[in-house]
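Chains as they are written, first to last, in our numbering: chain A, 1 to 101; chain B, 1 to 499; chain C, 1 to 533; chain D, 1 to 666.
FYI, nobody ran anything at the bench for these hints, they're computed from the structure. One should not assume that every hint holds.
Here are the simulated DSBU-like pairs of lysine-lysine, each with C-alpha atoms no more than 35 Å apart in a straight line [said to hold, decoys possible]:
id, chain 1, residue 1, chain 2, residue 2
1, D, Lys378, A, Lys25
2, D, Lys360, A, Lys25
3, C, Lys484, D, Lys358
4, D, Lys378, A, Lys89
5, D, Lys473, D, Lys378
6, B, Lys169, D, Lys91
7, A, Lys89, B, Lys13
8, B, Lys387, C, Lys122
9, A, Lys25, B, Lys387
10, C, Lys118, B, Lys387
11, C, Lys64, B, Lys473
12, D, Lys91, C, Lys403
13, D, Lys360, D, Lys473
14, B, Lys383, D, Lys91
15, D, Lys632, B, Lys387
16, B, Lys108, A, Lys89
17, C, Lys482, B, Lys473
18, C, Lys484, B, Lys473
19, C, Lys403, D, Lys629
20, C, Lys403, B, Lys387
21, D, Lys473, B, Lys169
22, D, Lys358, B, Lys383
23, A, Lys89, D, Lys360
24, B, Lys383, D, Lys632
25, D, Lys358, D, Lys378
26, B, Lys387, D, Lys420
27, C, Lys403, B, Lys473
28, A, Lys51, B, Lys13
29, C, Lys64, C, Lys403
30, B, Lys383, C, Lys403
31, C, Lys484, D, Lys360
32, B, Lys169, D, Lys360
33, B, Lys169, C, Lys403
34, B, Lys169, B, Lys383
35, B, Lys118, A, Lys25
36, D, Lys358, A, Lys25
37, B, Lys108, B, Lys473
38, C, Lys484, C, Lys218
39, B, Lys473, A, Lys89
40, B, Lys108, C, Lys118
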Amino acid sequence: MIPLAHFMLISAALFCIGLYAVLSKRNAIMILIGIEFMLNAAILNFVAFGKYDKLHMGGQLFALFAIVLAAAAVAVSLAIILNVYTYYKNIDPTVIDQLRD
Amino acid sequence: MNEFTSVLPELIKNITTGMPHFLPEIVLIITFIVVILTDLFYPGKKSVHTYILVLTGIVISAFFTILQYQSSVNGISVFNDTLKIDRIGIIFKLLFSAVVILYALFIKGNTRMQNHTKGIGDLYMLLPGALLGLNLMAMASSLLMVYLSIEMVSLVSYLMVGYVSDGEKQSEAAMKYALFGGVCSAIMLYGMSLLYAFTGTLSLSDPQFMIRLAEMPQSVAAIAIILVLVGIGFKLAFVPLHFWSPDVYEGAPIPVTAFLSTGPKMAGFAVLIRFMEPFHTASNTSQGTPVFDFVAILSVIAISSMIVGNFAAIWQNNMKRMLAYSSIGHTGLILMAIIVNSNDGIKAMLFYLMMYSIANMAAFMIAGKIEERTGIINISSYKGLGKVYPLEMVCFVIILMSLTGLPPLAGFMGKVLIFSAAIESYSASNSLWMLSLLIVAALTTVVSLFYYFKIPLNAFLRQSDEVFIVKVKRDALSYISLILTLLLILWGIMPGLLI
Amino acid sequence: MSLLSILIFLPLFAGLIIVVLPSSVREGYKYVALAAVIIQVLISAYIYLHFNGNVFTGIADQNKYQLVERLPWISLNLGAMGKLQIDYFLGLDGLSMPFMLLTSVVMLVALLASWEIKINLKGYFALFLLLDTAILGVFSALDFFLFYIFYELMLMPLYFLIGIWGGVRREYAAIKFFLYTLFGSVFMLLVIIGLYFSVTDPATGYHTFNMLSMMDPKNYVEGSIFSALAHNELFGVSARLLGFIVLFIAFAIKVPIVPLHTWLPDAHVEAPTPVSIILAGILLKVGGYGILRVCVSIFPDAAIQSAWWLGLIGIVSIIYGALNALAQTDLKRLVAYSSISHMGFVLLGIASITPEGISGAMMQMISHGFLSSMLFFLVGIIYSRVHDREIPHFRGLALIMPKFSAFIMIAFFASLGLPGFSAFIAEAFSLIGAFNSESINGLLPRWMAVCGTLGILLSACYFLWTLQRMFFGETRLFGGEKWKIQLTDVNAREVTALCILTAFALVLGIMPSLAFDKMNASVLELIRLVNLK
Amino acid sequence: MPLLTFFINVFVPGKFTRSGFCAIASIAISLLCSLLIFIAMWNQPFIHVQTNWFTIGSWSLNVGILLNNLSVLMLPLVSGIALLVHIYSTKYMQGDPYLHRYWAYLGLFCFSMLGLVIADNLLLIYICWELVGFSSYLLIGFWFTRNAAVQANKKAFIMNRLGDIGFLTGIMILFSQFQTLDVISLFGEKGLVGNAIVTGGVWTSGLHHMPAGWLTFAGLAFFLGAVAKSAQFPLHTWLPDAMEGPTSVSSLIHAATMVAAGVFLLARIYPLFNDTVLIVIAATGAFTAFMAGTIALTQNDIKRILAFSTISQLGFMILAMGVGASASSLFHLGTHAFFKCLLFLGAGAIIHEMAHLKEKTGLDYDPQDIRNMGGLRKYMPVTFVTMAIASLALIAIPLTSGYLSKDAILIESFEWAEGKGGWYRLVPYSAMITSWLTAFYISRLIFKVFFGKFRLKEKVGLHHVHEAPPAMKYVLVVLSLFCLFPVFSLNPFMFEDAWVIQGFPQADNMTRINAFHTVVPAAVNLISVFLIYLCFLWYGSNKPAPDFSKNGLFKFSQQQWFFDKAYNTVFVAGVLSFSRFLYQFDLIIVDGIVNLFGTIGRGFARISDWFDRNIIDGLVNLIGYLAGKLGKLIRKFQTGRLQQYLVTMLLIILTLFIYKYYTAAI
């Protein structure tokens, strides 16, 4: 039996790694991956704590939905990034800054 | 597993009894599927069929929603407490339907969208989906549904922004929107997972939710709640989650911008109300310290939103960007009504939202029409347009007056109601936050005048250097915006018609 | 539908007619407007003749208003807040009745001055009539909410009237005017709502926007923000005082007082002549009227507390405005600053809270309404002829425009308080009231009134100096012979307008009882109310 | 009954008449009524008729007319002189293109002056007071194309305005204290002013009281009004400038009537003054009289000499008021009105002729400069005789009216000074010196103008110069009759027998000192006669006398000449240079101060204008600027880079966390 704290630690670590990737990477795809990390951190939490919610299975349910939605979001995002690439020939978000004040 | 089988029939019963209450949404789902199919089989370039179908579907769904109004005085929870149908939710749903219908009309009237190479059918197809998401947001009463509906609306919005990708800017806007949204929803999800971890339930109306949360250390609970607020705030675009909005509003096609500034934003408020509900019932019943001090944090957010939105708007030259900032300012103002958190506050908020969405829609319609006809997107190029488009520009001015909050227009009544609620709350609580909110709201109203009035300034007060040789033709959009303007005047003089 | 409503909405109706008329009859617009305004003058004259000053004392008693009209208008059920009840509530008493007549007459003159407007006639006359409605509404509204709506409604048409038909820097002037006024009125709105929650209607028990209920301390909810007994404080200042200050600032911007006056010279200078006439003739009075009707009546205790400061502001405005007028080289700017100076007397009179002072202030507002209209009209005549109004550019105009010079002499001397004209009585009694104040209620020290007399001297200085520079001496014009031809004497239309104004100023100067009789009882009632606290 | 007709008639001149005839007719009717009233009312109890004018608050202002000795004396005086001037003007102003305006202005003046005289209410007096000033403004600037005229009328009006301020302040004080402005109830027998008491530094009347300082202040304030109107030091400089107007106007307004209004006012409100104020009044009067007399010595413009002389005589009247001799003051007012008017009209006739001459010969010279005249005695005999009589009256030679009134003042002031002693004696002595100066300057004028040779003779023939036209001539004659003693008193030597003096309550605060009654007139007259003689020696000769060189004089006794020379160097030259000095002082310092105030005022105006544009407007703009800056600052964050957005956002959220953490911990 792995203590709950470990799940939490790992999920927190995952979240932070994801966040770091989001903030530091110079590539939109890598940012997307960072987002996935963060999502998965949350999903991990849900599943881990779902153990206390056997009746409704809320955690597991949520995890499933989240996975599906994450996939959809990634698909949409990838399509959009592709679109960006066709115009900019680049997917570095620091370069793409035409819209600004 | 046995435990589960014992509750299974009850669960199923729960679902079947809930179905009638879900009728409007079912209609939307059916419309959605039918539209996909129609568009597949009758792909005509203008997609007239899809257009008509979408409108019909939405109208039917709205009709069912109206039917629900009588039966939902006390609020009905369906689907195991995931959805809650009450009057506020229904009003929101009706508002969404209205906004989406206007949106559809807008797309229909916008020739640039109509002439797009990819055809317009896919965009119509998204409308029922968007409305479905919005409706769910209005009804969501569990964390799962909150996340689900928000993501649904987000996905649809990403697609809308990226859909007519005919330029660098637009694709950039879509990318920013999607990535920013992704990060925010991930953060929100993490917050939700923490909340789930602390409370063991997803339902917001479950009493356990609050009891358990109150047992947690305040700072820890606060972290989870703030993380969830990030997700909601992304939809509302309040400070500091507003960064995406000017860029995306500018980059997106005008009808989409119009939609983004109204639909999802209103839904965000609906979700925020839902999310805060248990906290308030808890603080009303129990004597102890509140679990989370929404007043302070939302006041800070509201004040900074009003300041950032209104002051940054002063310098904008791009019409859409200006409206983006101004809508950040309006968000701050509407948050005031939420902070008051009384029945009056919500009523005031609903009235204000209604005015705001109509005015914003109409404003974008006119701006879109002008952009389409003359290619003008900058306010400084509006010079002399008052003579070319007298009807449109007069409407525009009235709309902007309403947004500023000048009597006798609906915007003024909205402001009065919100201020009334805030002052009432202040006189009850003597909270310093309320007072500072009021003062900032009043000050930023003056500031807002400054940038809104750049448009009449250019359109009427200045003479154009060049002669417009565009053909002045009034089309459906002109008349729709005229009707909306008249509505603003009517509600300003007779607000009793609404409430 | 009482006569008052007809009076108020008649211009709006005419405006709508102008909007829907096709542009092929654009020459007819002004006649439609003229017809509306003439009917308006007739109605207000009728009201004036049937107004019994001793019966209709007004102030805090609804039964003592003339032509009361009270209809439920907005009725919103707001749950916990009770019922939001807003009435369509109109009425006239001795404080507002003179202004109705003033508005009608000045509007007529402004319309006559509008003959010079050449572009975009439809928009112009529609906005003009909308403005007319708003002003009449302000003067007759007794529901605070209604008052505020009319009050704000004035801004919009003015913004466009200045902005579209104005002078070179019209954009700046228009937005400055708008921002200033909005700044005041937004905060006023907060106080209005605060008052709403503090006051209940004794008849229904609901909160109310009724101004008359707000004047009675009995109607205040116990412990509410503006309740006199609760002694609430905001930022360390008594809430009632703060409310008074906020309302005062809102109206004082209109009056205007130093140092909130800088919109005025710009707005006046850039506005087209008719709008300058309306601005100076009526709009400034809205401020003074508001102070009397709202600030002093609803917050009498705070008014007494701050009377000293009000008086000081009045004095500073008088002297500061006059000194600035002395330094101007633009004739219109000079007149604008003289307005500031003259309106200082109004403030001084009001601050004294004596019958003489307040009556003097009322009289000063009325008289200034006629005289400043006349001055701006005259300036407009020169400007329309040669598009220049720099004082040094003209000399010896009396030789080539004798009739015009005669009118300008009348206007100047009437403005500087020559006996026989209304301004004299007004200024003298504002000052007498202010002086008397120390003996009667001890609000204003006597030196204030003595300082105020300086304003009379200074006004003589700047007006006479101008007269000497522009009108006397041998003719010498900046534009040479060309100007000499362009500077034709006044025509029949202008003479009509000027004669109307002169007649009013003169009649009121010789028979001030025509005005005083109508307002005496109201003024006394107001003072009784204030002293009642 | 005469009251009613009179009331109607007073308003007739107010109507703007287009022709001189109409104006003359109306003023004649006024005169007739005035005379009737005068006969009916003199030494009768006063009549006071009131009507409600308007009500303000609960206080009603009743106005009406008050006829007592004071006003009924003034009535025929004003209307009489006005009539004469009207008649005179028909000729004098003939041919002026704006003649109808002239009549209208004169009408307005007569109306307001008569109104001023009979008004029973301080406010009404004030109104007429201002109207008088206004019509004077119009008349001074009648030739509005002349720059000097316009400057002068502006100056006159503004200086009068300064006085009006004082008047108004006085009214405010009285109103505040007594709640009425009615002259009778204020100043009548048992009036409120008399009943008010000053105790312990508090001035109390009924329920109202204020610090006693305000009593003095009120007196001074009213006096300020009188100072401006009657051209006393230091507000006298407008009067010489006002000579830019037509001469007939100068004679009516600036010599006979309007300037006397100040004295009239003092007489009306006499009970108000306390000792301090009275001393100020006396001192001011004495100083003005002396100063103006000295200045008049060296003037060359005929009208200016007369103007300074007027100031000087007004000083006498004010002085008389100050010493409590109000009856003599008013007496002098009456006599002075006639002879000064006559002098002006005579001067007008001369100027008229000189101007004609100038037109005919085309020479360029100043028709008002006495240095250009001389020997006119032969050509204008009537003018000469009448003016001579007037001059004698001015000098106060026995048998003239001036003798009666001026001696009355002198004697009473000596008596007053005797009662007070000390420095107060300066007042009568300076008055006495002034009357000698008077003798000197007026005879200088007469001799220079009428004696000797015409100084432009080399260039033109004098045959062009002839007597004034009949309308002017007869006016002069009539006026000169009024300069003689019988009109005022049957006893040519005792002023106390004059009916005017007897018509007013005698000042009883001084003891009659018989010695003065003989010594003073004797001293005055003897030295005056001597001075006239001296003048005749200097100016009446055919030689260029003012040049005090040895060969420039008659062959009179050398010895006397030495005496003269010593006298000259020590005394005359001293006086003359003092006179010049005073004139310079007047021109540079007093006028300079007035102008300085103007400049300072304008400077202030500029400063406040600058302040307005830069500071106040600047503050407003600064707020706008700051708002703009704030907006720009916020825009800085909108870099367009996604990750920067996210970082900012997360940092803010982190701050919120920290804030929450600490507030929760506490």
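Going down the list of hints, with the structure as the test:
1. Proximity of Lys378 (chain D) to Lys25 (chain A) is assessed by CA-CA distance (about 121 Å); at most 35 Å being required, the pair is judged violated.
2. In summary, the hint linking Lys360 (chain D) to Lys25 (chain A) is not supported, as the alpha carbons are separated by about 108 Å, beyond the 35 Å threshold.
3. The suggested pairing of Lys484 (chain C) with Lys358 (chain D) holds, with an alpha-carbon distance near 32 Å, which does not exceed 35 Å.
4. Proposed proximity of Lys378 (chain D) and Lys89 (chain A) is contradicted: the alpha carbons are some 118 Å apart, above 35 Å.
5. Distance restraint check for Lys473 (chain D) and Lys378 (chain D): the Cα-Cα separation of roughly 15 Å lies within the 35 Å cut-off, and the hinted pair is therefore satisfied.
6. The straight-line distance between the Cα atoms of Lys169 (chain B) and Lys91 (chain D) is roughly 93 Å, outside the 35 Å bound, and the hint therefore fails.
7. Annotation: proposed proximity of Lys89 (chain A) to Lys13 (chain B) is violated, straight-line Cα distance about 55 Å (limit 35 Å).
8. Restraint check for Lys387 (chain B) and Lys122 (chain C): the C-alpha separation of about 12 Å stays at or below 35 Å, so the hint holds.
9. Distance restraint check for Lys25 (chain A) and Lys387 (chain B): the Cα-Cα separation of roughly 51 Å exceeds the 35 Å cut-off, and the hinted pair is therefore not satisfied.
10. Between Lys118 (chain C) and Lys387 (chain B) the alpha-carbon distance is near 15 Å, which keeps this suggested pair within the 35 Å criterion.
11. Distance restraint check for Lys64 (chain C) and Lys473 (chain B): the Cα-Cα separation of roughly 56 Å exceeds the 35 Å cut-off, and the hinted pair is therefore not satisfied.
12. For the suggested pair Lys91 (chain D) and Lys403 (chain C), the alpha carbons sit about 27 Å apart, so the restraint of at most 35 Å is met.
13. For the hint pairing Lys360 (chain D) with Lys473 (chain D), the CA-to-CA distance comes to about 22 Å; that is within 35 Å, so the pair holds.
14. This hinted pair does not check out: Lys383 (chain B) and Lys91 (chain D) have alpha carbons roughly 69 Å apart, beyond 35 Å.
15. For the given pair, Lys632 (chain D) sits about 32 Å from Lys387 (chain B) by alpha-carbon distance, which is consistent with the 35 Å threshold.
16. A distance of roughly 33 Å separates the Cα atoms of Lys108 (chain B) and Lys89 (chain A); the hinted pair therefore holds under the 35 Å criterion.
17. Pair hint Lys482 (chain C) plus Lys473 (chain B) does not hold up; C-alpha atoms about 46 Å apart against a cutoff of 35 Å.
18. For the hint linking Lys484 (chain C) to Lys473 (chain B), the alpha-carbon distance of about 49 Å lies beyond 35 Å, and the restraint is violated.
19. Only pairs whose Cα atoms come within 35 Å are accepted, and Lys403 (chain C) paired with Lys629 (chain D) is rejected, the gap being roughly 53 Å.
20. Simply put, Lys403 (chain C) and Lys387 (chain B) have alpha-carbon atoms about 40 Å apart, too far for the 35 Å limit, and the pair is violated.
21. The suggested pairing of Lys473 (chain D) with Lys169 (chain B) is violated, with an alpha-carbon distance near 102 Å, which exceeds 35 Å.
22. A distance of roughly 68 Å separates the Cα atoms of Lys358 (chain D) and Lys383 (chain B); the hinted pair therefore is violated under the 35 Å criterion.
23. About 103 Å separates the Cα atoms of Lys89 (chain A) and Lys360 (chain D), which puts this hinted pair outside 35 Å; it is violated.
24. Distance check on the hinted pair: Lys383 (chain B) and Lys632 (chain D) sit about 24 Å apart at the alpha-carbon level, within 35 Å; holds.
25. As the CA atoms of Lys358 (chain D) and Lys378 (chain D) are separated by approximately 19 Å, the hinted pair is consistent with the 35 Å bound.
26. Taking the CA atoms of Lys387 (chain B) and Lys420 (chain D), the gap is near 88 Å; set against the 35 Å cutoff, the hint is violated.
27. Using a Cα cut-off of 35 Å, the hinted pair Lys403 (chain C) and Lys473 (chain B) is violated, with the two alpha carbons roughly 52 Å apart.
28. Using a Cα cut-off of 35 Å, the hinted pair Lys51 (chain A) and Lys13 (chain B) holds, with the two alpha carbons roughly 25 Å apart.
29. This hinted pair does not check out: Lys64 (chain C) and Lys403 (chain C) have alpha carbons roughly 46 Å apart, beyond 35 Å.
30. A hinted pair counts as satisfied when its Cα atoms are at most 35 Å apart, and Lys383 (chain B) with Lys403 (chain C) does not qualify at roughly 43 Å.
31. Using a Cα cut-off of 35 Å, the hinted pair Lys484 (chain C) and Lys360 (chain D) holds, with the two alpha carbons roughly 33 Å apart.
32. Of the supplied pair hints, the one linking Lys169 (chain B) and Lys360 (chain D) is violated, its CA atoms being roughly 93 Å apart against a limit of 35 Å.
33. With a C-alpha separation of about 67 Å, the suggested pairing of Lys169 (chain B) with Lys403 (chain C) is violated against the 35 Å cut-off.
34. With a CA separation close to 25 Å, the supplied pair Lys169 (chain B) and Lys383 (chain B) stays within the 35 Å bound.
35. With a C-alpha separation of about 33 Å, the suggested pair Lys118 (chain B) and Lys25 (chain A) falls inside the 35 Å cut-off, and the hint holds.
36. With a CA separation close to 105 Å, the supplied pair Lys358 (chain D) and Lys25 (chain A) exceeds the 35 Å bound.
37. Restraint check for Lys108 (chain B) and Lys473 (chain B): satisfied, since their Cα atoms lie roughly 16 Å apart, inside the 35 Å limit.
38. The straight-line distance between the Cα atoms of Lys484 (chain C) and Lys218 (chain C) is roughly 68 Å, outside the 35 Å bound, and the hint therefore fails.
39. A distance of roughly 41 Å separates the Cα atoms of Lys473 (chain B) and Lys89 (chain A); the hinted pair therefore is violated under the 35 Å criterion.
40. Straight-line distance between C-alpha atoms of Lys108 (chain B) and Lys118 (chain C) comes to about 41 Å, which puts the hinted pair past the 35 Å bound.
In terms of the numbered hints stated before, the structure departs from hints 1, 2, 4, 6, 7, 9, 11, 14, 17, 18, 19, 20, 21, 22, 23, 26, 27, 29, 30, 32, 33, 36, 38, 39 and 40, listed from lowest to highest.
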